[in-house]
Amino acid sequence: MIRNLLKSIVIVLAMGVLFSCENNIRVVQKINAEDTLAELTATDIQYIRTDSGRRQLILNSPLLIKYGGSKPYTEFPKGFYIAFYDTAGNIISTIKANYGIRWEKKGLLISRNNVVVKNLKTGEQLNTENLIWNERKHKIYSPSFVKITSPDRVIFGDSMVSNENFTKRTIYGIRGVLDIEEDTAQ
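For the sequence shown, position 159 (counting from the first letter as 1) is numbered 221 according to the working numbering, and the numbering increases by one without interruption.
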């Protein structure tokens, strides 16, 4: 009787161990999916985009990781810097962020953490924590708090839409405007 009870306990424990060690096939497939494996990793990169021999932009990043698969994307985990050029070859605006991810099929670059956009011709600067650059529409969007500094004022708002050169913009939910006056007394 005790032998049969011990055999039953051993069999139940053995079955429990065998079935508890089974891998979920979907989890294994997801881990091994091509979307999760990096195709390319590069350090200290510089990418130059031209059109008809004219420079349009230069992108610099200390680390680039490119992923393939059905939804290819490029990640900039240590940040990036982009300079945009006019037709005369002058830098007109820049974007800098501590993190970025570019979805290739959508033509979107999502920037996060200490994002700074500058218009070098007007001297204006945008500071935000989140920025989306739509490469196809040539627009930038910030869905979060923005601070825009120009030579004569500072504007605070909830969000913003602009062209990629940061020359035409709309600020939503303006929270405040501070006028900056030159100190003429010396």
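Watch out, some of these pointers could steer you wrong.
Stated by the list, open to error - Derived EDC-like pairs: lysine to aspartate or glutamate, alpha-carbon spacing no greater than 20 Å straight-line:
{"hint": "1", "residue 1": "201", "residue 2": "220"}
{"hint": "2", "residue 1": "230", "residue 2": "220"}
{"hint": "3", "residue 1": "128", "residue 2": "101"}
What the hints assert, rightly or not - Now the in silico label distances, taken between C-beta atoms and shown as ranges:
{"hint": "4", "residue 1": "206", "residue 2": "167", "range": "23 to 33 Å"}
{"hint": "5", "residue 1": "107", "residue 2": "240", "range": "20 to 30 Å"}
{"hint": "6", "residue 1": "160", "residue 2": "223", "range": "18 to 28 Å"}
{"hint": "7", "residue 1": "116", "residue 2": "209", "range": "26 to 36 Å"}
Honestly, the hints are just simulated from the structure, not real lab data.
Glycine included, each C-beta is placed from N, C-alpha and C at the ideal position.
For each hint, the structure was consulted:
no. : hint                  : in the structure
1   : 201 x 220             : holds (17 Å)
2   : 230 x 220             : holds (17 Å)
3   : 128 x 101             : holds (6 Å)
4   : 206 x 167: 23 to 33 Å : holds (25 Å)
5   : 107 x 240: 20 to 30 Å : violated (38 Å)
6   : 160 x 223: 18 to 28 Å : holds (22 Å)
7   : 116 x 209: 26 to 36 Å : holds (33 Å)
Checked against the numbered hints above, the structure violates only hint 5.
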